[in-house]
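First to last, the sequence lines map onto chains C and E. Heads up, the first sequence is in full-length UniProt numbering, so the first residue is 1 and it goes up one at a time. Heads up, the second sequence is in full-length UniProt numbering, so the first residue is 1 and it goes up one at a time.
A portion of the hints provided could be inaccurate.
[Claimed, not checked] Here are the in silico distance ranges between beta carbons for each label pair:
hint, chain 1, residue 1, chain 2, residue 2, range
1, E, Q250, C, M158, 52 to 58 Å
2, C, D140, E, N65, 54 to 60 Å
3, E, R26, C, A204, 23 to 29 Å
4, E, L100, C, A83, 29 to 35 Å
5, E, T94, C, M158, 48 to 54 Å
6, E, A136, C, S65, 31 to 37 Å
7, C, K86, E, P16, 51 to 57 Å
8, E, P16, C, D131, 39 to 45 Å
9, E, H255, C, D140, 31 to 37 Å
10, C, N79, E, N97, 46 to 52 Å
11, E, S59, C, M158, 25 to 31 Å
If you're looking for bench data, these hints aren't it; they were derived computationally from the structure. In this text, a Cβ means the ideal position worked out from N, Cα and C, and glycines have one as well.
What follows is each chain in one-letter form.
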Amino acid sequence: MSEHDNVILEGANISKSFGTKRTRQQVLFDVNVHVCAGECLAVIGESGSGKTTLTRILLGLETPSAGDVLFSGASIEGNAGRAQLKLLREQSGIVYQNPFESLDPRWTAGRSVAEPLRLLPKQDSARARDDEQIGARVADALELVGLPPAEFVDRYPMDMSGGQAQRVAIARAIVKNPRILLADEPMSAIDVAARVQILDALAASRERNPQMAIVIVSHDLGVVQNIADRIVVIHHGRIVEQGTTAQVLNTPQEHYTKELIAVASM
Amino acid sequence: MSVTLSNVNISIASKPIVHNISMEIRDGQRVGLIGSSGSGKSMIARAIMGLLPQQASLSGTISVNGTQVVGMSDNELANLRGAAMGMVFQNPATSLNPLLRVREQIELPLKLHYDLPSDDRAARVEAMARKVGLPAELLGRFPHQLSGGQQQRVGIATALITSPRLIIADEPTTALDSITQRQIIDLLVSLVDEAHASMLFITHDFSVLAHATQYCYVLGDGEIIERGRTAQLLDAPQHDYTKTLVHAAQTLSLHTDTRSAAHTEGAHNERA
C-alpha cells in the first residue's frame, strides 16, 4: 500500500495486560494501528475501552505485553530500541486531558512552553541557541494557538480559564515542531464554547507544520469530525472498525459505532 | 415543587459571584442553567440547597414552595433538603463516600431523614436500584469497583431515594463518555417526569440542555443575560454570549448522512 510508505508510527500486534498473575486483566488484544506523516488519526471508544493505554504504548510511555511499536520504521521496544525511543520522545509532543494537572502551577505560561526547547539535546537542529531565540519561539507558539504573548507569557495557570490553559499546553506540545502530536481527550475537561478554540489551535498547528502526524483520543464524534482524516474505533480492547472519517461516520458498520453516532447528534 | 429566586446576590470573601439573579422553576418543570466555568452556576444551585461555603454571603429571596430559605438555620435546611430536594453532583467518583457500599450509600438519606424499619429501607433501596438500572449484585460493592456510569446511577439513586420534589443536577454527565452521558440524561428525565418532580439542570453544553430541559436561563459573568424556551434559544439566540454557546454546540455536534437513521435505530434499541 502506497500510504504505508509514509507511515511514521506503527503499532503491530499490540497486546497489553495489567495486574499480577492472579488478577491479570487484558486490556488490548492484538491491535494493529498506524499513522502517516501529516495525517490526523482519531482513536475513539468509551471509557475503559483501552484507547489511552494504546496511545501511551505508541508513544513509548507504556510497554506492550506483546507486539512491537515502530517509529520511522525502527522498533522502540527493548534494549535494542532505546535510541529510537529517545528519538521518538524528542520528536513528539503530548496534550493531556486536564491542563490544570498537566501544567506546573508554579510556572508561568512562558516558562512551561519554553521547557521542551530547553530539554532538547545540544546537537538537535530544532534546539534554540539562546534565551532570545527561545523567547521568540515561545511567543510564536502562543500566538499560533490564539493567545497574545504579551498578555499570556507571564501568566500562571491559576489566572487562566480551562480553554486558555489547554491552549498553553498545546503551545508547549508543538513549540519544538514535533513529528507526532498526541492529544488525549484534550477537550473533555473544557467548556463547550472553549472547545472550538482548541480545535482552531490544533488546526493552526497543522497548517504551520503540515508533516506533523496527530493522534487524537476522544469519545466525542463531533470533535473528531472536525479534525480527523481517519478513525479507529476501539471497543473492549479490540479495533472493531476503522476507515476514513467520512466512511466511518456516514456508513458505520458496527453496532457500537452506530450507537456513538446516534448520541453525538444534537 | 416550585422554586423562585428574586434579586439573589452571592459573594465569596467579598468578591461578587452572582448579581441580582431572578429565576423560577415551576412545579413539574425541567429548567436548565447554562454558562461557562466560573460563571457562578454551581453557587446558585448551592444557594438553593443551603450548601454555600461558610465564607459566602447571600442576599435576596429564595422561596421553596413559598418558604423563604435565606436565613434558615442549618437544622431547618437539613430537614428541607431531606424531604424536598435531592442533588446529583458532577463527579460521582468524588461525591460518593468511598467507604460505603452501594447499598449503604443509597440507604443513608432514608436513615437520616425517615424513621423506617430496616426491612422497609432495604426494600426501597432495592426498588430504587432497579429503577436506575443497577443490577442487584452491585449493591454489595464499593464505589471504586464500579464504572463511571454505574457510579452516577448510584448518585442518582441516592438523590432520589427520599422522593424529593426538586432535583438539582450539577453537570451530572461532564465526567462521563458520550454514550453513558445520553443514558444518564435519559434516565434522569424519565425519573423526574415519572415522579412529577421539578429539575434544575446545570451545564455548559447546549446540546445536553436540548435533551434535558424545556426552559433555560443563560448565565454570563454572574448575571442572567437571556432566558426562554430551550428550543427557542437554540433556534434564535439573541445575546452574543448565547450565540457563542449555541454556535459551539452546533460546530461540535455531528453532521452525517446516517445520523437520522442511526438515531432511530438507537431509540428503537432503547425501547427494546
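Verification of the hints:
For Q250 of chain E paired with M158 of chain C, a C-beta distance near 32 Å fails the hint of 52 to 58 Å. For the pair D140 of chain C and N65 of chain E, the supplied restraint of 54 to 60 Å holds, since their beta-carbon distance comes to about 59 Å. The supplied range of 23 to 29 Å is broken by R26 of chain E and A204 of chain C, whose beta-carbon atoms lie about 46 Å from each other. Our hint of 29 to 35 Å for L100 of chain E and A83 of chain C is violated, since their Cβ atoms are close to 51 Å apart.
Between T94 of chain E and M158 of chain C the beta carbon distance is about 20 Å. The supplied range of 48 to 54 Å is therefore violated. In this structure, A136 of chain E and S65 of chain C meet the distance hint of 31 to 37 Å, their C-beta atoms being roughly 35 Å apart. Between K86 of chain C and P16 of chain E the CB atoms are about 52 Å apart, so this pair conforms to the stated range of 51 to 57 Å. For P16 of chain E and D131 of chain C, the hinted distance range of 39 to 45 Å is satisfied, since their beta carbons lie about 41 Å from each other.
A beta carbon spacing of about 34 Å between H255 of chain E and D140 of chain C agrees with the range 31 to 37 Å that was offered as a hint. Separation of N79 of chain C from N97 of chain E is about 47 Å and conforms to the stated range, judged on CB atoms against 46 to 52 Å. For S59 of chain E paired with M158 of chain C, a C-beta distance near 28 Å keeps the hint of 25 to 31 Å intact.
In summary, the structure is inconsistent with hints 1, 3, 4, 5 from the numbered list given earlier, while agreeing with the others.
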